[in-house]
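Trainee: Here's the letter readout for the chains.
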Amino acid sequence: MGFGEYVGSELSTLGFYAQQHFLLVLYAVAAASVIALALGVLLHTNELTPESWTRKMRVGSRETALLLASAALTVPSLALFGLLQPVLGIGVAPALVGLTIYGTYPVLRNTVAGLSSVDPAVLDAARGMGLGPVRRMLRVQLPLAWPVILSGIRVATLILIGVAVVAAIVRGPGFGQPLFTGLGRLGAVNSFNQVLAGTLGCLAVAAVYEIAFFAIARLTTPRGIRVR
Amino acid sequence: MSDDVRPTIARPMIARPTIAHPMIALQGITKTYPGQTRHAVAQLDFDVPDGNIVMLIGPSGCGKTTTLKMMNRLIEPTSGRILLDGEDVTGVDGDQLRRRIGYVIQQVGLFPHFTIADNIAVVPRILGWDRKRIDTRVDELLHLVGLEPRDFRDRHPRQLSGGQQQRVGVARGLAADPAVMLMDEPFGAIDPITRDRLQDEFLEIQRQIAKTICFVTHDLTEAVKLGDRIAVFGPGGVLQQYDTPEQILTHPANDFVAEFVGSGAAVRRLSLLELSRLELEQISVDGVDSPNGHPTYRADAAGRAVAWSHLPGVSEMPPLVTVPLSGTVYDAVDVMLDMRTPLVAVVDHEDRPQGALRWDALVRELPTKGRRP
Amino acid sequence: MTATVGESKVARPTGPGSTGSTRKADRSLVAVPIIVVVGLGLVALYLSTRTLDTIERRTINVENITARLGEHLYLTAVSTAIVIALAIPLGIVLSRPALRRVQPGVLALTGFLQALPPFGVIILLAFSPLGLGATTAIVALVVASFLPVVTNTAVGLAQVDPAMVEAARGMGMSSRQTLWRVELPLAVPVMVAGIRVALVLNVATATLATYIGAGGLGNIIDGALRLGRPTATLVAAALVAALALLIDWLAGVAEYLVRRRSG
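Chains as they are written, first to last, in the numbering used here: chain A, 1 to 228; chain B, 1001 to 1373; chain C, 2001 to 2263.
Keep in mind that the hints were calculated from the coordinates and are not lab data. Errors might be hidden in some of the hints.
[Unchecked claim] Covered by chain A, according to a simulated footprint, are these stretches of chain C (three or more residues, beta-carbon under 8 Å):
| # | segment |
| --- | --- |
| 1 | 2031 to 2044 |
| 2 | 2083 to 2095 |
| 3 | 2121 to 2131 |
| 4 | 2223 to 2235 |
[Said to hold, decoys possible] Counterexamples of contact, computed for chain C against chain A with all Cβ distances above 12 Å:
| # | residue |
| --- | --- |
| 5 | ARG2057 |
| 6 | ARG2100 |
| 7 | LEU2116 |
| 8 | GLY2170 |
| 9 | GLY2172 |
[What the hints assert, rightly or not] Counterexamples of contact, computed for chain B against chain A with all Cβ distances above 10 Å:
| # | residue |
| --- | --- |
| 10 | THR1090 |
| 11 | ASP1095 |
| 12 | ARG1098 |
| 13 | GLN1107 |
| 14 | GLY1128 |
| 15 | THR1136 |
| 16 | ARG1137 |
| 17 | GLY1163 |
| 18 | GLY1169 |
| 19 | THR1250 |
| 20 | ALA1302 |
| 21 | SER1309 |
All C-beta atoms, glycine included, are put in the ideal place defined by N, C-alpha and C.
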C-alpha cells in the first residue's frame, strides 16, 4: 500500500492523533507560558520583589531561574519522562508536566530579554508621569516586550511538537503512539507508512501552529512597533 | 561637609526675599546615594518662584539632575522637605504627585506602541478625564506645540523627527495642565538649528501658559536665553549662585561661577547677552526733542534711522550703524570694530531705533534691566 | 532533549547568536557541576535506603552502565564530528554573497524543522537499507543536529562587521584570505555555540538509539520502564540527565574559553 493510500484509509485515526498532539502541545505551551511569564515579570520588576532584597539578590534570583530552566531543557527527554514516571505514573500527566518543564525556558528567557530591552527612557518617562509599577508593566513594558515574548512562545511550541513524540514512552497521547507501534511492528505491513505518517504529522501540526503564530503576531503586535 | 561652604557661598545667594510665592520649595534637601559617602546634593534650600523658568546648570555630576528629580520624587531625598505650592509633598504618594507635575526628558521617551494622541493622553486618562475633554485637550496641545492635529494625532512616534518627537514630549508634559514642569535637557539631543527654533517656540509657549518650569541644561547659552533665573551648581551638589542671567554673567558670585560662566574670557559673556536685555542709552529723532544731551538721528519717512544728527561731545559724526535688538552685545561690538564707530543704534524688527549702545558703556559696566518687566 | 536549540533564535531579538554576556556564562559554569553533584548525591542517598532486586541489579550495575555509557559517547562523538565536518562548510557557503539572499529562507526553515521529531527520523532511517544498528543511529543524529550548526555558522559570519571585511579587502586581501583571516576568526564564538547545541542534541537523541538496537544509556531507561521498575528508571534517567548536563557544561567551558580568547 502506498503512503497516500495509507493516509487515506487511516485518515480518522491520524486526525485523532493530530488533535491529541496539537492539544497536548497547546496545554503544555500554555502552562509553560503562564509560569514563565509570571516568573519573568516577578523577577524583572524590582518593585514586585520584596523591598528587603538587594540588587544582587534580584539579579541572582533571575539568573538562577534562567539557569534551572535551561538545565531542565538540557536533560534528554527520555530521561525527563523517566524521572517523572515513578512520580506521576503513565499517561497524560507525565507527558504534560514534562513538556511544560521543557517549554518554560524559551519563554522565560525571552520574557526577561524582552522586558529588559524596553528603552529605559520610556520607563523613566512613564515613571515621571506618575505611572505606578503595575500600570508600567501592563501598559508599557509587557506590550513592548510582547513580540519578543511571543517569539519565545513560538520556539517553545516548535520544540515541544518534536519532544511530545517521546512522551509516548510514558503512554502520552499524540503522534508518538503510531511511531512506537510502527517501531514495534518493524517490517510488518504498513509499519513504515505508520512511522512516516507520525513523523510528517508532527510537521503538519507545526505548520498549523506556524500559521497561528503568524496571525497572532500580526494581530497582537502594536502598530507603532511593528517592523514595516 | 557643607558646613564650611554654606554660610559663605550658598546662603547669601539664596536668601532672596523677592520670592513672594515659591511654587516649589526645597528645604534643607540632602541626597546621599547608598554606598556613597559624598553627598550628591548637600543641604539645599531652593525656591522656584511661581511662573518663572529656572535653569539648573553646572558641570556633570554636580547634582542638577538629582535636584530636579527630587522635585517630583523620582529620587527620594535622604533628608529635607519638598513643598509644592505651599503643600508639604515629601511624604505623599509619589505616583499621585508626579501626575500633578509635567516631566520632559532629553530622550523624550514617547511610548512607541501608542499613537501621538494616546501618548499625550496618558496622564489625563489616568486622572479619569472624559473622552471629549481629552480629545479637545490633545488637539489644543498639538496646536500649541506647532503640530497640526489632523496630521499628527494618529501617527506613531517613530514616524516623527527628533524635533517633532520632543514637541510631543512637551505637549505630553503639559497634558494635565500641571502648574509645574520639570525638564531634563529636553533639547540636548536635537541638532543646533532645530534646537534654536524649539527654544524660541518654547519661550513663546511659556508666554501663553506661564508655568513654573525647572529646566536642567549643560548649555550656558540655553540657560541665558531661556532662564528667568539660573542656578549654578558646583561639585558635591552645592548651589554656587542663584540669580538672574544678567547677574550671573556680570557678577559671578565666586571664582567657580566666574570660571564656569566665562572661563576667564569676558568676551564670551558678551555673546550670551542679548541687546534687548540692556538698559540702552536713550536716543531721539532729530527735531522732535531738543538735543538736551541725548544723541539724535535723522529718520526717513518710515521712521528708519538714516544718520546721526547730534552726538554730545562729538563734532564729526560717525556713520550710523544699526544692530537688531535680538542680536547680542557681541554682535554690537563686532559691528563697532568693523565700521570703526564708537556707538551703534539698536533697532527693533521694523528697523525703528530703540536706543544706542556706546563703546564706553561696554568698558564701564553694562546696565541691564529685568527680563520681563 | 532539544537542549539549547532555541537559543540562537531565542536570543535573536536582543543580540544575534549566543553572544550573551560572558559574566553570565561564568556563573552558570560554576552552578551546573553543583546541580549535577547534588542531583546525583540525592539519587545515591535514595539508592542507599533501598536494596535492588535481581532484575534491577541486572541493569543497574557498573559493567552495564559503563558499556552503555561507552556506546552513548561513541554515538555522540562520531555524529558530532560528522556534523562539524559537513555543516560548517555548508554554513560558509550559505554566507557567501551569492547565496546570502536565500539565507533568511533557510533560517526560517531551520526554525520550522525543529518540530521534526528526531525519534521519527531515527525510526524512518531504520526502514532504509541501513537497517538497524549504530550506523543508522549516527546518520539520524547527524540529520537531527545538522541545522543548528549550519545556522550558527551562517549567522556568525553574517554578523561580522562589514567594515572589517571592507577594510581587509581594501588592504588587498583576496576574498579567500578575508574569509580565513578575518571573517571566520570573528565568527568562531557563534559557531562554537552552534556546535555546543548540536552536541547536546546528540547526547539527547542518542538516548533514543536503543530503539533501533544501537545501545546507549537510553537502553537502561527503556528497560527499566518496560519492567516497571521505578527505582531503576530513576537511577538511569538521573545518570543520563547528569551526563547531558556535564557534556553541555564541558562545551560551555570550551565556548567560554573561545569567547574569552576572541574578546
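Trainee: Which of the stated hints cannot be reconciled with the structure, identified by number in ascending sequence?
Mentor: 2, 7, 11, 12, 13, 18
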